[in-house]
Amino acid sequence: MLTYLLRRLLLMIPTLLGISIVVFTVMALSPGGITPQALTSGMEMKPEQRKAIEDYYNKRYGLDKPAPVQYLHWLNNVSPIGFISDEQGNRGEFSFNKPMDLGTSFQYGRPVSDILAERIPITLLLNLVTIPVIYLIAIFVGMKSATDRGGSFDVGMGMSMLALWSIPTMLAGVLLLGFFANIQHFQWFPTSGISSREALDMPFLPHWGQTGFVRGFLLDRVWHLVLPVICLSYGGFAALAKLMRTSILENLHSDYARTARAKGLSEHDVLWRHVFRNSLLPLITISAGLLPSLLAGSLIVEYIFSINGMGQLAVEAVKSRDRELVLSITWVSGLLTLIGYLMADFCYTLADPRVSYD
Amino acid sequence: MSQPLLEVRNLRTYLQSGGREVRAVDDVSFCIPKGETFCLVGESGSGKSVSALSVICLLPQGIASHPGGEILFNGRDLLKLDDPGIRAIRGSQIAMIFQEPMTSLNPVMTIGEQITEALYTHHPDMSESEAQQRTIMALEQVQMPHASGRFHDYPHQLSGGQRQRVMIAMALACEPQLLIADEPTTALDVTVQAEILRLMRKLQDDTGMSMLFITHDFGVVAQMAQWVGVMQQGKLVESGSCADVLHNPQHAYTRQLLAALPENLVKPVGVRQLSENVAVGQTKNQTPLLQIRDLKVWFPIKKGLLRRTVDYVRAVDDVSLDILPGQIVALVGESGCGKTTLGRAVLQLEPPTSGSIQLQGQELIGLSARTLRPLRRKMQIAFQDPQSSLNPRLLVETTLTEPMKVHGIGANHDERIELASQLLESVQLDRDFLWRYPHEFSGGQRQRIGLARALALNPEFIVCDEITSALDVSVQAEILQLLLTIRQQRNLTLLFITHNIGVVEYLSDQTVVMYQGKIVERGATAQVCGHPQHPYTQKLLAAVPKLLV
Amino acid sequence: MIKPLISRESYAARVWRKTLDGVGVKVGLAWIALLVFAAVFAPFLANSMPLLMSKDGVISAPVLQYLSVEDAWVLATFFVALMVYRLQLGAGKRVLLFLLGAFVAAVLVNWVVKPPVLVIYDDFRTTAYTQVDWRIMPPIPYAPTDYLRDLVSKGLEAPLVTVGHTHLMGTEESGADVLSRMIHACRISLSIGLIASGIALFIGVIVGGLMGYFSGIVDMLGMRLVEIFEDIPTLFLLLTFVAFFGRSLYMMMVIIGITGWSGYARYVRQEFLKLRKQDYVQAAVASGLPLSSILFRHMLPNGIAPLLVAVSFGVAGAILSEATLSFLGLGVVDAPSWGQMLDQAVKSSTFNWWMAVFPGGAIFMTVFAYNLIGEAFRDAIDPKLASKAGHS
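Protein chains in written order, with my numbering: chain A, 1 to 358; chain B, 1 to 549; chain C, 1 to 392.
With the rest of the complex left out, here is chain A (with noise of 0.2 Å):
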């Protein structure tokens, strides 16, 4: 088991040298490059201040030189194994245990280290509280429509299922906060953020104070979730009942339902004692495959519902053509991603015991 998870980790960090790689080649092939013209075309100076401003970039970020110096400039910046470099970027030592350094973005003049340990938390919460949702829906619409095969509800869920995971999240978000966060409809739900100002103040649980019902953190942020979360989690709700239900059909006719039937167990018994565990394997196996896409649709739904998350700042930064930025955020969904399909494996391991890694 040991060797297993030892060699998956090893096998991941050329994966992300990879991705790396990927979007460093694709940022510096592009008409225009990473060079400082580009970040400061279309502003108005005169050819003094702009030479200027370029050499600072230049000095500052290594600009001036070809791509691939580029790469391994930053490819050492970033890992915890290389030479220690100061602010002139001059080389040191070589050391094995230096500070990871993710530079410093164009647009923000911030460290890039601070800007994502601010963003990542907020995405991490939505995708994380979306998760269970998905998965406690699919399976409860899941089960009951095998349980009701070719009855009405059977029917009408399957139908719907499928039209649900066409919506496209960007339509859902838009709908979801034009009718139910709009004065002009319903406003039952704010319209961006995932936290009232007031909230800040707040204390943690709901109570009773002087002024009426006060909302406590708790419950202001669960509020501002619950929109962001929807439109989050229906597409993953709907392809996964799907799945579900599959595979407790195939499950209920499998050869060992059978055998428990003639052991003389009540059909509730088979399908709750034996069935339901074997049908969660697929659904676990899928799990993997759900971190990405929920990480590409929390950016739509940042951006729609003005979240303040990783992926709103992708947009951003792509926009701007912030080069450090592009490259740490890509680089570190890539890592989530790995380490989500992780997870999975792992998850798997413990709920199929004819799987063994060594």
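I should point out that these hints are in silico values taken from the structure, not numbers from a laboratory.
One or more hints might be untrue.
What the hints assert, rightly or not - Taking lysine-lysine and the DSS-like style, the derived pairs with C-alpha atoms no more than 30 Å apart in a straight line are: (1) B:378 / C:18; (2) C:274 / B:303; (3) A:144 / C:18; (4) B:296 / C:18.
Being a predicted model, the structure only gives us computed values, none of them experimental.
Please arrange chains B and C on chain A, whose structure you already have, making use of the hints.
Chains B and C in isolation, oriented as in the chain A frame:
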């Protein structure tokens, strides 16, 4: 005579399939006395499994219906019981075991849990320790090695034979009066089958339970049953005591089935001569058609962090074999012995690890694809699975003429079509079949087309990889007779891979026995099957259920 | 010559028949047919200029005069496709013939069609075009880029609200008619969907085929490559590509294609490995058939069905990708796009519902249609997956 334990009267079971109603069981009546075994025999589609499932009422309600008949168990009609009533009987008074031990156990539950579940279902007040004790006792009863240690094992950690033992233990946990066994040993190797059958007989003697045994193998019937019923397309055409039915069959179908057994099969006219000639020819020193020396086919097992090769699966381990022209050599063994790998390696479909294979003196290993191509004309192969042996997208005509075209047989398209038609005739199929797709044919017909394809290039040597293992007995008989006829007409040499000893005795001149990748015995069929020398061969032959008890 | 007798139903015909057996598929195909119709005949359906008019006895067709190279080529290709469809040839030959025809049409059209460079739509509402004997206008008398400046359009008006000129689906922020833009956007969506999927399929088949055929090192390297492209959430990669490589239509197609091939490669590789073990493939090898025959006659036709299922879902995905990029403001510049219109629904403080419902509805229906078709096809080729009650 006391009341029989089970009495089935005029049972009818109709199944809904794709909008049509199929009369799976049509007016079947039989009875099983206490402590005795009744065998239901028949070919696929005869309705024997459905009859068994009807007795225990396990057929899905939406699909099956019983328009008529009664199933009297201890005097009570099971068909009239409500659901809780039948569930109380299932597992405690009537138990059932199935054919596929691989999939019949829940893979995510330990075998201990599964057996105790049977106990708890019918004895809800049983304490945990008592249940555990009784489970271990049940495992010991089925002669499971290290019974107490196995309690926490998962099904995938056991072999096929061991899983079937677990199934039996589970079925017997509540001490049922009737055990229904639906082809429980068909998926097992012959030697394992012999052990399981012996076990079941012993259990029957110890507990006094009755058995309803479903099978297609008459040898098993002879070993296990006192009473037998023969089914054909839903009807019970003959039934009676085992001795009567097997040695003095009344119904034409029974007689036909018994005559189709390889032990009883008659060779086609004119063929007997050849085998004698071949036997004579052997004594003169002929050059072998195929010479295999020290053949190894090893598959690496990779483990560890860096996926290093730690060991090998020795599928074929140092095999040397000579096949003389005109011979039929049977390659026998149980699953995993390497016989299929050997057959494919000879045809260069499986890359050999080392050794030499010479076809008429020409070395085959190490040749490039281009040099090998003309040699491929001389050796062909026919496969086991009728479902996947023919390309579903191509007409039969294309399947047969394409190899001809590549090797330049036949001057033009019309000539090739004529040749293909003749091929179909030689495998006793209609010429029209050239213009059909594989999915329109039955399993037996597809095997014939597969043989026709193998003959298309006019080879000298054909490897038959278990070509009759997936067929019913009567269809198998036809294919075997056809094979002998073709062999005579075209002077072929055959390497016939099989696990069925009866077929070996019927068909082959020479027999080679394989075990774990090595040849353990070889020689003339009469010699090997009559007086086996190697202990494994002896064990193998002893395990085959014989018709004459 | 021995005449072939009744040719029974081939495998392909059987699958096709089973696919069409269901309501969902028919709805999906109907919608796609509608889109194709709209895409091909867009200049005739929604345009500011008359289809046909007679002025002072002279009959002229301004639409034809102003037909752009692209419009003409799409029309020509459509007719080539129709002709090829009617021919009784093998599937492979038909595809090649179609591609050849499309190419020839492109060359011809480029050579022949020369529309005027500048088009001022306001002119078509002047007396030069209105005071005529008779004229036939397209059903929707607005071009997609006609911003109705002469009519002082305010932009972002609800359907049927404006006085004097009716807009069945309202107007969008720069003043143009929404319905017209939607019809013309069909072309963008469909073409991006098909071409991008085509590119992704091409790359995926080659990479997957190589991996499946050669195994060993090639397989290992290929898998790493596939993993890299899979692990980056596609949208991130798309964003990166688009922002750095620009936003022309062709660029978008290529980009969406390049980011989407990994799924196809996996599929192809899996099918390859499975097919290699099939007995009939082994028989073909044993008969000494040449490699090309084994690949194209025995393996490919049997492996293509699951691939087509993936393609159906893939086209839906490509269309969705384009719409998403447009929505985020990174889409094709200037040309009409459903995603871009959807974005306008929430830009201002008011909720412009018609900008959400109509373009959003179009995206939804298109994705839904392809999903329905893909599902039906998948159920047809693998009966074990059939989810209809009673089938097992």
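Outcome of the hint check:
1. A hinted pair counts as satisfied when its Cα atoms are at most 30 Å apart, and residue 378 of chain B with residue 18 of chain C does not qualify at roughly 42 Å.
2. Restraint check for residue 274 of chain C and residue 303 of chain B: the C-alpha separation of about 24 Å stays at or below 30 Å, so the hint holds.
3. In summary, the hint linking residue 144 of chain A to residue 18 of chain C is supported, as the alpha carbons are separated by about 28 Å, within the 30 Å threshold.
4. Under the criterion of a C-alpha separation no larger than 30 Å, the hint pairing residue 296 of chain B with residue 18 of chain C is inconsistent with the structure, at around 48 Å.
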